[in-house]
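**Student:** Protein chains in written order, with the working numbering: chain U, 1 to 317; chain E, 318 to 416; chain F, 417 to 508.
For the record, the hints were derived by calculation from the structure and aren't laboratory data. Values in this document were obtained by computation on a predicted structure and should not be read as measured data. Hints are not guaranteed to be accurate.
Under 7 Å between C-beta atoms, here's a sample of chain F residues computed to sit facing chain U [to be verified]:
| hint | residue |
| --- | --- |
| 1 | Leu420 |
| 2 | Leu422 |
| 3 | Leu429 |
| 4 | Gly433 |
| 5 | Val439 |
| 6 | Ala445 |
| 7 | Arg448 |
| 8 | Ala452 |
| 9 | Ala459 |
| 10 | Phe482 |
| 11 | Arg495 |
| 12 | Arg496 |
| 13 | Leu497 |
No farther apart than 20 Å at their CA atoms in a straight line, the calculated lysine to any residue pairs in the SDA-like style are these [said to hold, decoys possible]:
| hint | chain 1 | residue 1 | chain 2 | residue 2 |
| --- | --- | --- | --- | --- |
| 14 | U | Lys30 | F | Gly471 |
| 15 | E | Lys358 | F | Leu422 |
| 16 | U | Lys30 | F | Leu440 |
| 17 | U | Lys30 | F | Ala434 |
Glycine is no exception: its CB is placed at the ideal position from the N, C-alpha and C atoms.
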Amino acid sequence: MLLQSGFDVALGLGLLWVAWQALNSSDLFKAIVFFIAFGLLMALAWVRMDAPDIALAEAAIGAGVTGALLLGALARLRASNAGETTMGQAGNGQRRFMASRRLLWIPLLLMAAGLGYAVLSLPGYTPGLSAQVAANLGASGVSNPVTAVLLNFRGYDTLLELVVLLLALLGMWSMAGPAPPPSAEAAAVLDGLSRFLTPLVLLVAAYLLWVGTRAPGGAFQAGSLLGAAGVLLILAGWRANVASTALSLRLVLTAGPGVFVAVAAFSLLMSGQMLKYPPAYAGILILIIEIAATLSIGLTLAGLFLGGRPRGERKSP
Amino acid sequence: MTPTDWIAALLLGMGGVFFLAGTLGLLRFPDVYTRLHALTKADNVGLGLIVLGLSVQADSWVVVGKMLLIWALVLLAGASVAQLIARSVLRRGIRLWRQ
Amino acid sequence: MQQLYLALAMFLLLNLGAGLWRVLRGPTAADRMLAAQLFGTTAVAVLLLLAQAFGEAALRDVALVFALLAPVTAVAFVRRLWPEQGNSRDTD
Chain U
1 MLLQSGFDVA LGLGLLWVAW QALNSSDLFK AIVFFIAFGL LMALAWVRMD
51 APDIALAEAA IGAGVTGALL LGALARLRAS NAGETTMGQA GNGQRRFMAS
101 RRLLWIPLLL MAAGLGYAVL SLPGYTPGLS AQVAANLGAS GVSNPVTAVL
151 LNFRGYDTLL ELVVLLLALL GMWSMAGPAP PPSAEAAAVL DGLSRFLTPL
201 VLLVAAYLLW VGTRAPGGAF QAGSLLGAAG VLLILAGWRA NVASTALSLR
251 LVLTAGPGVF VAVAAFSLLM SGQMLKYPPA YAGILILIIE IAATLSIGLT
301 LAGLFLGGRP RGERKSP
Chain E
318 MTPTDWIAAL LLGMGGVFFL AGTLGLLRFP DVYTRLHALT KADNVGLGLI
368 VLGLSVQADS WVVVGKMLLI WALVLLAGAS VAQLIARSVL RRGIRLWRQ
Chain F
417 MQQLYLALAM FLLLNLGAGL WRVLRGPTAA DRMLAAQLFG TTAVAVLLLL
467 AQAFGEAALR DVALVFALLA PVTAVAFVRR LWPEQGNSRD TD
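Chain U with its partners taken away, still in its complex shape (with noise of 0.2 Å):
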């Protein structure tokens, strides 16, 4: 008992110190470092706190996309602010900024009070809704009740998550410009770990996506895996063969909010109420959405860090 109250003690002290180093770094590399950090950190955190399904989540974005992420950002924004020199006009914007930093205490320390009170008359503990979900998870058509909350019970939030991915996506096609061509030959090394890597997550992402139904897992965790081996093979230098008007890869891109739409007409055809499944279809129809979101979690992903629309053209190796 003491030990695991230690151990939480060591966690929750560790994770705050971190959070601080990455806000606080002037250093932006140390500061995504540190953040990769926390992002291992709060995965033991969800470990204790009962919640493998979002530990999972944690470790496939935290330690295949977002990192990688970050790290592509700074590497673009180093590129663009080398050939800048506004040093002056910053000077003085600095100065002028440092002295209203003063103020900004006086709203950070007002919301630091209502987020305390919040937190404070909070009840000690509520069961929420998983009487209701355990009670109901017969009907859901799957036996993980995490999965049956976000497919089933709660299927908007989760449809919607998905477009608002896709946005992201749009987004970055529309401001980002055509992709960077990758410009290195990747060493001996990294082409072997990229070739020797890429199915053995291609194979726990299935796992993941099939497991999801009866224990943590599920779309969004096989998605992160397959968006994590697109991360690898673009950094070996490997290119689809597809531009970004192509048929294919728009039906991949929309086929989880695409086929999760198609479902929520049928179901409202079925039994007059949106995304309410009828119980004896409820787990072939919430594994199709899966698998067809788990496509699209991943190439969104993937596209993200490529960093601009795909070209089309292929580089011979």
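The hints should help you fit chains E and F onto chain U, whose structure is shown.
**Tutor:** For chains E and F alone, coordinates are given in the frame of chain U:
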């Protein structure tokens, strides 16, 4: 404690020692190459010993297989990343430490 | 036995905390990246210990994902942020 427990405890303890050695190396060694060397070797052995210690007491062979797979993946990652970072550091012209 | 697993997990967590000093200190970016790599291996070990201590098989899947994706961030660092000299492009 049964003899199996003693073996497991010994392996786990040794794993902890190797992790400690890796961290000491990371903190105390003089340049990036030596630190790379300390970290990617010691920690992987430490993880291997912990996997062995847990395997002695695991419920099933499936669990043992999964833990061995995880160890193999960490070994692969450690070896590849050590080589990639070392090469990148060397090409940047960072000098090797000489006494 | 559970006590031993937890004690070792706690020890590894403190070990990880000590490694954070290298992230703070540097001096090169590679040193910081290396420390992050250490955290990955340590987190895998902690997850395996917790999985056995509490009998939660799902934690082994979390460890598997961490092990599988351990090289991705470091590869992104080597290829994107720290391109080799004589190659000024920031892309891979």
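**Student:** Hints first: check each against the structure and report whether it holds.
**Tutor:** Going through the hints against the structure:
Evaluation of the Leu420 (chain F) hint against chain U yields a violated restraint, the C-beta minimum of about 10 Å exceeding 7 Å. At a threshold of 7 Å, the smallest CB-CB gap from Leu422 (chain F) to chain U is about 4 Å, leaving the interface hint in force. For Leu429 (chain F), the suggested interface contact is upheld, since its CB lies about 5 Å from the closest CB of chain U, less than 7 Å. For the restraint placing Gly433 (chain F) at the interface with chain U, the shortest Cβ-Cβ distance is roughly 6 Å, inside the 7 Å limit, so the hint holds.
Proximity of Val439 (chain F) to chain U holds as hinted, the smallest CB-CB distance being about 5 Å (cut-off 7 Å). Against a cut-off of 7 Å between C-beta atoms, the interface hint on Ala445 (chain F) holds, since the closest Cβ of chain U lies about 5 Å away. With 7 Å as the threshold, the beta carbon of Arg448 (chain F) comes within range of chain U, its nearest partner Cβ sitting at about 5 Å, so the hint holds. At about 5 Å, the closest approach between the beta carbon of Ala452 (chain F) and any beta carbon in chain U falls short of 7 Å, and the interface hint on this residue holds.
For the restraint placing Ala459 (chain F) at the interface with chain U, the shortest Cβ-Cβ distance is roughly 5 Å, inside the 7 Å limit, so the hint holds. At a threshold of 7 Å, the smallest CB-CB gap from Phe482 (chain F) to chain U is about 5 Å, leaving the interface hint in force. For Arg495 (chain F), the suggested interface contact is upheld, since its CB lies about 5 Å from the closest CB of chain U, less than 7 Å. The criterion of a C-beta within 7 Å of any C-beta in chain U is met by Arg496 (chain F), whose closest approach is roughly 4 Å, and the hint holds.
Annotation: Leu497 (chain F) was flagged as interfacial toward chain U, and the flag holds, the nearest CB pair being 5 Å apart, inside 7 Å. Restraint check for Lys30 (chain U) and Gly471 (chain F): not satisfied, since their Cα atoms lie roughly 36 Å apart, outside the 20 Å limit. Straight-line distance between C-alpha atoms of Lys358 (chain E) and Leu422 (chain F) comes to about 24 Å, which puts the hinted pair past the 20 Å bound. Only pairs whose Cα atoms come within 20 Å are accepted, and Lys30 (chain U) paired with Leu440 (chain F) is accepted, the gap being roughly 7 Å.
As the CA atoms of Lys30 (chain U) and Ala434 (chain F) are separated by approximately 16 Å, the hinted pair is consistent with the 20 Å bound.
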